[in-house]
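Colleague: Residue strings, one per chain:
2 protein chains.
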Amino acid sequence: MSSFYDRYSTERRRKGSVLCVGLDPDPARLPEGYDRGDIIPAIRSFLADVIRATGELAVAYKPNLAFFEVLGPRGMELFADVLEEVRSLAPEALIIADAKRGDVGHTAERYAKTFFETYQCDAVTLRPYMGMDTIDPFLAYRERAAIVLCHTSNAGAPEFQESGEPPLYLRMAAAVATRNEETGNLWMVVGATRDPASIRRIRDEAPDVPLLVPGVGAQGGDLEGVLEAAGQDVLIYAGRAILYAAPERDGVARAAAAEAERLVRVMRTYLS
Amino acid sequence: MSSFYDRYSTERRRKGSVLCVGLDPDPARLPEGYDRGDIIPAIRSFLADVIRATGELAVAYKPNLAFFEVLGPRGMELFADVLEEVRSLAPEALIIADAKRGDVGHTAERYAKTFFETYQCDAVTLRPYMGMDTIDPFLAYRERAAIVLCHTSNAGAPEFQESGEPPLYLRMAAAVATRNEETGNLWMVVGATRDPASIRRIRDEAPDVPLLVPGVGAQGGDLEGVLEAAGQDVLIYAGRAILYAAPERDGVARAAAAEAERLVRVMRTYLS
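First to last, the sequence lines map onto chains A and B.
Numbering-wise, the numbering used here puts 129 at position 129 of the first sequence, and it's gapless, one number per residue.
In the numbering used here, each residue's number is its place in the second sequence (first place is 1) plus 272.
One or more hints might be untrue.
What the hints assert, rightly or not - Restraint ranges, calculated between C-beta atoms of paired labels, are given here: (1) A/D208 - B/P299: 35 to 41 Å; (2) A/S88 - B/D467: 30 to 36 Å; (3) B/R285 - A/H106: 32 to 38 Å; (4) A/T178 - B/Y542: 26 to 32 Å; (5) A/H106 - B/E520: 50 to 56 Å; (6) B/P479 - A/E182: 41 to 47 Å; (7) B/A427 - A/G16: 42 to 48 Å; (8) B/P313 - A/D195: 31 to 37 Å; (9) A/E182 - B/G305: 54 to 60 Å; (10) B/S317 - A/R87: 31 to 37 Å; (11) A/R254 - B/E304: 36 to 42 Å; (12) B/H378 - A/S88: 25 to 31 Å; (13) A/R265 - B/R472: 38 to 44 Å.
In case anyone wonders, no lab produced these hints; they're calculated from the structure.
Glycine included, C-beta positions come from ideal geometry on N, C-alpha and C.
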C-alpha cells in the first residue's frame with residue numbers, strides 16, 4: 001500500500017486538482033425528490049449522486065462524523081456504506097474521516113483502530129492540544145495520515161489558540177513540523193476565512209507539512225489567496241457549496257459537477 | 273426534568289458517594305466465562321453485571337465512546353443498549369458520554385444533538401481549546417451538563433496546556449468559571465495523577481465549577497488528596513479498577529462491588 005502522501009500527489013497530478021469534497025449530510029437540506037420516508041437510504045442515494053458526479057475531480061472525500069453519528073447506530077452503517085460508495089465510484093480518491101478526535105493513551109489507540117481498521121479510512125482529523133503524544137497512536141499507521149487541527153476560523157478561536165507569544169497555534173505548527181520530519185504522515189488543518197494571513201505564518205513555521213484548508217467554496221472569494229499562500233501541498237475542501245448546489249434531485253449531479261469544475265479551474269492556474 | 277447538578281447532588285447525598293464508574297470495555301480483557309463467540313452480547317452481559325453490582329454506590333456511569341466506536345455500527349447499538357442497562361439497573365444514576373468532542377458551528381450542534389437527543393445522555397465530555405464558543409451548542413441544553421477538559425495527566429500535557437504565564441489551563445479554568453456563572457451547567461475534567469497540586473490551582477481560578485477527576489482507583493493512592501483539594505462538588509471516576517477486578521465471570525459482581533465499596537468508604541470520610 002502506498003503512503004497517503006504518495007497517493008495524494010499521484011491523484012493531484014492525474015486529476016489536476018486539490019479538491020476535497022466534504023460530505024456533511026443534513027436531512028433538513030436534502031434536495032427534493034429523494035424519498036424522505038426513510039432518511040438513511042435517501043442520504044446514501046444523495047451522497048452517491050454527488051460522489052459519482054465529482055469522482056473525476058475530487059482527490060479526496062471528507063465525511064464529517066457528526067452528521068452520521070447524530071443518526072444513531074444506523075448512521076454509522078450509513079457512514080460505512082458511504083465509504084463503500086467512494087471506493088466503488090471514485091476508487092483512487094482518498095477518504096478523510098473528519099472526526100476531530102483527540103484523547104490520551106488507550107483511548108487514542110481505540111480511536112486510531114476505529115478509523116484505520118474498523119472503517120479503513122486513509123486519514124483522520126485530530127486535535128493535538130492535549131500534547132503531541134496523543135497523536136502517536138495514529139502516526140504508528142505509517143501508510144495513513146493524521147491531520148491535526150492547528151488553527152480554526154471560529155469567532156472564539158483567538159481566546160486560546162492565539163494566546164501567548166509566539167501564539168499557541170504557531171508553536172503547535174512548529175511542533176507538528178518537527179514530529180513530521182520523523183514520521184512523514186502529518187497534515188494540518190488551517191481555517192482561512194477569518195485570518196487569511198495565518199496560512200503564510202503557519203507555512204513559515206512548517207514549510208513541509210501539507211495543509212487541509214476548509215471554508216472555501218460557499219463564498220468562493222479567497223480560493224486564489226489560499227492557493228497562493230499554501231503552496232502545492234494542499235487539499236482545499238468545499239462542502240455545502242457542492243452538496244447543496246441544486247434544490248432538486250434531478251439537478252444534483254449536474255450542479256455538483258459544475259461547482260467542482262469551477263473550483264478546479266481556479267486550482268489549475270496555480271498547480272504546476 | 274431536574275438539572276444535571278441537582279440530580280447529582282441529590283444522588284451524592286442519598287448514596288453518600290461521589291463515585292463515577294468508567295465503562296471502557298476492552299474485548300481483550302473480558303473476564304473468562306462470557307461467551308466470546310459473539311463479543312457484542314458478551315460485553316453487554318459483562319457491563320450489566322458491573323452496573324448491577326455498583327448501582328447503589330455509583331452516582332454516575334461514564335461509557336468511553338472510543339471503546340464502542342471501534343466495534344463499528346454494532347458497537348453503537350451496544351452503546352445504546354448499555355445506556356438502557358444503566359437506566360433500568362441504576363435508574364437514578366447519571367450518564368456521562370465520555371466522547372471528548374469539540375468542533376465549530378454546525379458540527380458542534382450535531383454532536384450536541386447526538387449525545388443529548390439521539391442517545392439521551394445527561395452529560396458529555398468536551399474539548400474547549402478551539403474557543404468557548406464551540407461549547408455553546410451544548411450549554412443550550414440547560415438540564416444537561418458540558419464537562420470540558422481543562423488539564424490532563426498524559427506525559428505530553430505540559431507542551432501546550434501548561435504553556436504561557438499564567439499557564440493555558442488556568443486561563444481556561446477562569447474562562448469556564450465566567451461562562452458557568454451564566455449557564456450553571458459546566459463541569460471540568462482535571463487529571464490528577466501527574467500533578468496533584470493542579471487541582472488546588474484550578475480550584476483557586478474556578479471555585480464553583482464542579483470537577484470530574486479521573487485516574488484514581490487502579491493505584492488508589494491519591495484518592496484522599498483529590499478529595500481534600502477538590503472539595504464536595506466532584507465526581508471521581510474509577511474504570512479498570514472496578515471493571516477488571518475479577519478474572520472470571522463468577523467473581524465480577526462481587527469484586528466490582530467490593531472495589532466500589534472500598535472507594536466509597538474513603539469518600540464518605542470527606543463528604544459532609
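Colleague: Tell me if the beta carbons of B/A427 and A/G16 are separated by a distance inside 42 to 48 Å.
Modeller: holds (44 Å)
Colleague: Could one say that the CB atoms of A/S88 and B/D467 fall in the range 30 to 36 Å?
Modeller: 50 Å Cβ-Cβ, so the 30 to 36 Å window is violated.
Colleague: Between A/E182 and B/G305, does the C-beta distance stay in 54 to 60 Å?
Modeller: violated (44 Å)
Colleague: Can you tell me whether the CB distance of A/H106 to B/E520 sits inside 50 to 56 Å?
Modeller: Check failed, 23 Å falls outside 50 to 56 Å.
Colleague: Using the Cβ atoms, figure out if A/R254 sits within 36 to 42 Å of B/E304.
Modeller: Roughly 60 Å apart at Cβ, these two residues miss the hinted range, so it is violated.
Colleague: For the hint 25 to 31 Å, verify it against the beta carbon of B/H378 and that of A/S88.
Modeller: holds (28 Å)
Colleague: Is 41 to 47 Å right for how far apart the beta carbons of B/P479 and A/E182 are?
Modeller: holds (43 Å)
Colleague: Using the C-beta atoms of A/D208 and B/P299, is the stated range 35 to 41 Å upheld?
Modeller: holds (39 Å)
Colleague: Return holds or violated for the Cβ distance of A/T178 and B/Y542 against the range 26 to 32 Å.
Modeller: violated (44 Å)
Colleague: Could you see if the CB distance from B/P313 to A/D195 stays within 31 to 37 Å?
Modeller: violated (51 Å)
Colleague: Taking the beta carbons of B/R285 and A/H106, is their distance inside 32 to 38 Å?
Modeller: Given range 32 to 38 Å: holds, Cβ gap about 33 Å.
Colleague: Mind checking the hinted window 31 to 37 Å against the Cβ distance between B/S317 and A/R87?
Modeller: At roughly 35 Å between Cβ atoms, A/R87 and B/S317 fall inside 31 to 37 Å, so the hint holds.
Checked against the numbered hints listed earlier, the structure breaks hints 2, 4, 5, 8, 9, 11, 13; every other hint is satisfied.
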